[in-house]
Every structure is written in structure tokens, then in C-alpha cells.
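Build the full structure now, drawing on both the sequences and the hints.
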Amino acid sequence: MPHDTMSFQLASEASELERLYLIIEDFGKANDVPAEAIFQINLTLEEIVSNSIKYGYQGEAGHTIDLSISLNSGTVTIIIEDDGLPFNLLDLPEPDIHCPVEDRPIGGLGVHLARTLMDVLEYDRREGKNVLCLKKRITIEN
Amino acid sequence: MSLQVTESSQSGAMVLHLKGRLDSNTSGDFEAKMLGIIHGGQTRLVLDLGQLDYISSAGLRVLIKSMKELKAKSGLMYLCAMQDYIKEVFDLSGFTSFLPIHPSLEESLKAL
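Protein chains in written order, with the numbering used here: chain X, 1 to 142; chain E, 1 to 112.
These aren't lab readings, by the way, just hints derived from the structure by calculation. Every residue gets a Cβ at the ideal spot worked out from N, C-alpha and C, and that includes glycine. Among the hints, erroneous ones may be present.
[As the list claims (entries may be wrong)] Reference listing, derived: stretches of chain E covered by chain X, where coverage requires no fewer than 3 residues with Cβ under 8 Å from a Cβ of chain X:
#1 22 to 28
#2 53 to 59
#3 65 to 79
#4 90 to 98
[Said to hold, decoys possible] Partial list, computed: chain E residues near chain X (C-beta under 10 Å):
#5 Met1
#6 Val62
#7 Gln83
#8 Asp84
#9 Tyr85
#10 Ile86
[Unchecked claim] Pair ranges (Cβ atoms, derived):
#11 Asp83(X) with Arg44(E): 45 to 55 Å
#12 Ser11(E) with Lys135(X): 45 to 55 Å
#13 Arg44(E) with Glu25(X): 28 to 38 Å
#14 Asp91(X) with Ser11(E): 41 to 51 Å
#15 Glu122(X) with Thr96(E): 28 to 38 Å
#16 Glu127(X) with Ser2(E): 37 to 47 Å
#17 Gly50(E) with Glu18(X): 17 to 27 Å
#18 Pro100(E) with Glu25(X): 29 to 39 Å
#19 Gly75(E) with Pro86(X): 42 to 52 Å
#20 Leu92(X) with Met1(E): 24 to 34 Å
#21 Arg125(X) with Thr96(E): 33 to 43 Å
#22 Pro105(X) with Ser2(E): 20 to 30 Å
Shown next as C-alpha cells:
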């Protein structure tokens, strides 16, 4: 089975999201992860990292976010850690996605999509850090 | 890693062709463009997403906001030609009840 682990850091700035997309895309291509799964993982990571910057670090630059990504037995696992203020994005309320557009809130969809598209999404507050773990099962392309 | 938007006028509607990524870095400019178009009086819009590679919740937010504005003016907006993995995001978000999706631009224009 292919097995690869990679760790990297991001600065607490929105402009880092672009670098994050490229890292995930490169990892996905190197490990034959289907494009659809790479898209779904990137969408979820954008949500997690932008919330970490916005709430964990209150929009302050100069902090770092630690990430690791691995692929083992057909599951991509990503761990995201920051030492910002305690913030569990899974506590955010689920939006009502069935009400008419007039009554729809404008935000709140990101977490809903992340929960739906990932197989596992877990939060833990550990040693002064917010730790999010996501898992996505994939079928390796030949 | 950007979003290019080109406009065309077809069958009395404004068609916006999106190419690239609609994410937290590009959604601000796109929102300003959409609201400018709607406030300028355009009430029939088609978004051609055939060359859209990526959308995140920041992009969906712009579409809900635009649709609310359009609805207040009895306007309509259709989406078309998107890739399957992007369509899934719209389905999961419950958008399809107020934002119809067509397989091709031709079908969106016909439905106007």
C-alpha cells in the first residue's frame, strides 16, 4: 500500500490558503488521490484554517498552524493544530438548508459541508491547542 | 489561482462565465461584481460554471446573497454546465430549490 506522511506549517494569514491548496493538490497527485476527494478535502481545510485564523487567532498575523497529511490503507488523514483561543468549529449550529432563500442565513454552510463530505471530523482541545482531525476514505486511481 | 469573470449578453439575459476558483480569496471581488450588476438593474442572470474548478462556502455565500437581492426584485438566476463534484456541493447545500441548475448554457437560456 502506498504510504506517505507530510508535515508543514502555515502562517495565520488568509493569503496562506493558496499555498495550502497547492500542497494538498501536489500530495493528492503524488499519491493518486482522486480529484474529487482533493477538492472536498481542500474545501474542508479552507473552512478549518480560515476559522482558526478568524476565531482562534482573532485575525492576528504572526502565529502558525501545524498540519500533517498522510495516506494509509485508502484513508487520507489530516491533523490541524493551532495554539489560539479555544474554538470548536463543530459547535457551530447546522444551517436549515430547506427553508426558502428569503429566510436562509447567508453563512454557516462551510461546517455543514465539511461534516457531510468527510468521513471523520473530530475536535479536541489538547495542551493549550485546538486539534482537528479529519479523515477521508478514498479509492485509489490506477 | 484566481477567478476570471467574463460577461456576455444572450437571449436578454446577462451571462457570466466563471473560470478558476471561487474561494475566500476571490469571493470579495465577485460579490462586488454581482451586487453591482443586480443593483444596476439586471434581473436575469445565468452563471456559466463550465470552467469553475473550485467553490467553497465563501463562494456559496455570495450566491445566496445575490439570490436574496434578485428575489427582492423578482429576478432570476440560473447556473449551468458545472462539473459533477461542484454540483454535489450545491445539492448538499440545498441550493437547488431556489437556484436551478442546467447541464448546459443552452438549456439555461431556453428556460429563461
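Status of each hint after checking the structure:
Only residues whose C-beta sits within less than 8 Å of a C-beta in chain X count toward coverage, and the segment 22 to 28 of chain E has 3 of them, enough to reach three; the restraint holds. Here's how the segment 53 to 59 of chain E fares: 5 of its residues keep a CB closer than 8 Å to some CB of chain X, so the rule of at least three is met and the hint holds. With 4 residues having a Cβ less than 8 Å from any Cβ of chain X, the segment 65 to 79 of chain E passes the three-residue criterion, so the hint holds. With a threshold of 8 Å between beta carbons, the proposed coverage of the segment 90 to 98 of chain E by chain X holds, since 5 of its residues qualify and at least three are required.
The beta carbon of Met1(E) comes within 5 Å of a beta carbon in chain X, closer than 10 Å, and the hint placing it at the interface holds. Because the smallest distance between the Cβ of Val62(E) and any Cβ of chain X comes to about 9 Å, under 10 Å, the interface hint for this residue holds. Interface restraint check for Gln83(E): the shortest CB-CB distance to chain X comes to about 9 Å, inside 10 Å, so the restraint holds. Hint status for Asp84(E) relative to chain X: holds, with the closest Cβ pair at about 8 Å, below 10 Å.
The restraint placing Tyr85(E) at the interface with chain X holds, with a minimum CB-CB distance near 4 Å, inside the 10 Å limit. Against a cut-off of 10 Å between C-beta atoms, the interface hint on Ile86(E) holds, since the closest Cβ of chain X lies about 8 Å away. Remark: the range hint 45 to 55 Å for Asp83(X) to Arg44(E) is upheld by a beta-carbon distance near 50 Å. At about 46 Å, the beta-carbon gap between Ser11(E) and Lys135(X) stays in the expected band of 45 to 55 Å.
With their beta carbons about 36 Å apart, Arg44(E) and Glu25(X) fall inside the hinted range of 28 to 38 Å. For the pair Asp91(X) and Ser11(E), the beta carbons lie near 46 Å from each other, so the given range of 41 to 51 Å is met. Range check, Glu122(X) to Thr96(E): about 30 Å between beta-carbon atoms, so the 28 to 38 Å window is met. Range check, Glu127(X) to Ser2(E): Cβ separation about 39 Å, and the 37 to 47 Å hint holds.
At roughly 23 Å, the beta-carbon separation of Gly50(E) and Glu18(X) lies within the given 17 to 27 Å, and the hint holds. Checking the proposed 29 to 39 Å range against Pro100(E) and Glu25(X) shows it holds: the Cβ atoms sit about 31 Å from each other. A hinted range of 42 to 52 Å holds for the C-beta pair Gly75(E) and Pro86(X), which are about 43 Å apart. About 27 Å separates the C-beta atoms of Leu92(X) and Met1(E), a value consistent with the hinted range of 24 to 34 Å.
In this structure, Arg125(X) and Thr96(E) meet the distance hint of 33 to 43 Å, their C-beta atoms being roughly 37 Å apart. Checked against the hint of 20 to 30 Å, the pair Pro105(X) and Ser2(E) passes, with Cβ atoms roughly 28 Å apart.
The structure agrees with every numbered hint stated previously.
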